[in-house]
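Colleague: Sequence:
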Amino acid sequence: MKIEDFNQFAVQHWQGIKSKILEGSYQPLPVKRVRIPKPDGGERLLGIPAVIDRMIQQAISQVISPYFEPEFSPHSYGYRPGKRASQAV
Numbered sequence: 001m002k003i004e005d006f007n008q009f010a011v012q013h014w015q016g017i018k019s020k021i022l023e024g025s026y027q028p029l030p031v032k033r034v035r036i037p038k039p040d041g042g043e044r045l046l047g048i049p050a051v052i053d054r055m056i057q058q059a060i061s062q063v064i065s066p067y068f069e070p071e072f073s074p075h076s077y078g079y080r081p082g083k084r085a086s087q088a089v
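Here my numbering is used: the first residue of the sequence shown is 1, the next is one more, and so on.
One or more hints might be untrue.
Capping the alpha-carbon separation at 27 Å, the derived lysine-lysine pairs in DSS-like fashion look like this [to be verified]:
id	residue 1	residue 2
1	Lys32	Lys20
2	Lys2	Lys32
3	Lys18	Lys2
4	Lys32	Lys18
5	Lys2	Lys20
The hints are simulated quantities; they were obtained by calculation from the structure and are not laboratory data.
Hey, can you work out the whole structure from these sequences and the hints?
Modeller: Next comes the structure, spelled out in structure tokens:
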């Protein structure tokens, strides 16, 4: 599904998706595999989640991050809001 199609999909299917998440029976869609050529001739394999699964992941992250963020080391910079690699040096 393209991101442009997400709103219509969400309106039609959100109640069912929500029920499955709350029941613990939601199954994410298969990840799309994409190979990206590297300058050295190798390839980088990416796994791209479906739009709906990425939205669910983001929603969960927004809910749980405030609880876990205070537990992280102040010296940890990876994948943290407001932290950048340049601050670690």
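Colleague: Look at each hint and say if it fits the structure.
Modeller: The hints, checked one at a time:
1. Between the alpha carbons of Lys32 and Lys20 the distance comes to roughly 22 Å, so the proposed pair stays at or under 27 Å and holds.
2. Proximity of Lys2 to Lys32 is assessed by CA-CA distance (about 13 Å); at most 27 Å being required, the pair is judged to hold.
3. Restraint check for Lys18 and Lys2: the C-alpha separation of about 20 Å stays at or below 27 Å, so the hint holds.
4. A threshold of 27 Å between alpha carbons decides the hint, and for Lys32 with Lys18 the separation of about 23 Å falls inside it, so the pair holds.
5. Distance hint between Lys2 and Lys20 is fulfilled; the C-alpha atoms sit about 22 Å from each other, no more than 27 Å.
The structure is consistent with each of the numbered hints, conforming to all of them.
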